[in-house]
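**Q** Sequence:
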Amino acid sequence: MRVVVAMSGGVDSSAAAALLKEQGHEVIGITLRVWSYEGAAKCGSCCSPDDIDDARAVAQTLGIPFYVANAEEIFQDRVVNPFVQSYLGGKTPIPCVSCNRDVKFNFLLKRARALGARLATGHYAQVEEVDGRFHLRRAVDAAKDQSYFLFTLGQEELKDVLFPVGHLTKAEVRAVAERHNLPTTHKPESMEICFVPDGDYAGFVEKVAGPQPSGEVVDPDGKVLGTHNGIHRFTVGQRKGLNLGGGEVRYVQRLEPETNRVVVGPAEGTGRAQFGLLQPHWVDGPPPPEQAVEVRIRHRHAGAPGRIHISQHGLVSVKLDEPARAVTPGQAAVVYDRDRVLGGGWIV
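The sequence shown: position 263 = 263 (the UniProt record's numbering), numbered continuously.
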């Protein structure tokens, strides 16, 4: 079949393209140009000129057609702007989910279908068809699993999506690349958000939105303990950088954008056993309220047992068996049934 491969310039998508060609498919490589600014050559995966050159070199090695698609406008509108506004609103965003939903599996999938093709990416996840329905599952390599970032995919997307490396370990992926003599075989991974290559999220927010007002750092009773230079510099569960002195260990318990306050206190004050889900999305329908599920409240979270409750008005809440630390507004809570992704939403 004809398959468009989203090529980021990294080893994972390079190996995905190689595997598909090896299997006899007609493979077309496309790289998205999503971000241009001064210093973009240092940008991490999927947006720098160097990464585009690497993807092009892989395509040449494999002998497949290669194109660059400009997605800067939609990336700015759907990923970058909400990222900034989320921080200014006292939340901690996770832009990779928005990028997957609105750019890779919307913008790019539409273009693949226009070519009569399916879409493949280098994500570590798996799709399985069971009785005519599509299940989204964790990757075989638990350390590299990216299913958490893909909970917004539904039946309409999954029927035309392939994850060729989802059944492989990272070492096996590099072995595929080496077998095909791909120039990205030993390329290191980027661990930062692609449009914030130096990891300074607060600095990026200020670059876009300007300097932010200072405010008070208070304890749960409202006693002023110090000041801060912008709530966008804090996240729930944070301990470092409070600079309050006194020797007492405190954690950010919540952010109050309406008063511009950072509320700090003991670690147990960051725990939540119940919280809401904004804009919930289910891969193939929500779980029944009696079904025990596992909920991951951040990408590296091991998961916590709980249940999903949906009110008669459609409001979705998560009820965990035990309070989880640092339940953070703006992050995604992703719901699993063992290795199967059921869906998720944004923590509120």
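Just so you know, the hints here were simulated from the structure itself, not pulled from any lab data. Please note: incorrect hints may appear among the correct ones.
Stated by the list, open to error - Below 20 angstroms or equal to it, Euclidean Cα-Cα: the simulated EDC-like pairs (lysine to aspartate or glutamate) are:
hint, residue 1, residue 2
1, Lys159, Asp339
2, Lys170, Glu26
3, Lys240, Asp219
4, Lys240, Glu268
5, Lys110, Glu72
As the list claims (entries may be wrong) - Computed Cβ-Cβ distance ranges for the label pairs, DEER-style:
hint, residue 1, residue 2, range
6, Arg133, Gln85, 29 to 39 angstroms
7, Asp53, Gly271, 45 to 55 angstroms
8, Glu129, Thr227, 52 to 62 angstroms
9, Gln312, Ala175, 27 to 37 angstroms
All of these numbers come straight from a predicted model, not from anything done at the bench. We put the beta carbon where it would ideally sit given N, CA and C, even for glycine.
**Q** Any hints this thing doesn't respect? Which numbers, in order?
**A** Hints 2 and 9 are the ones this structure does not satisfy, whereas the remaining hints hold.
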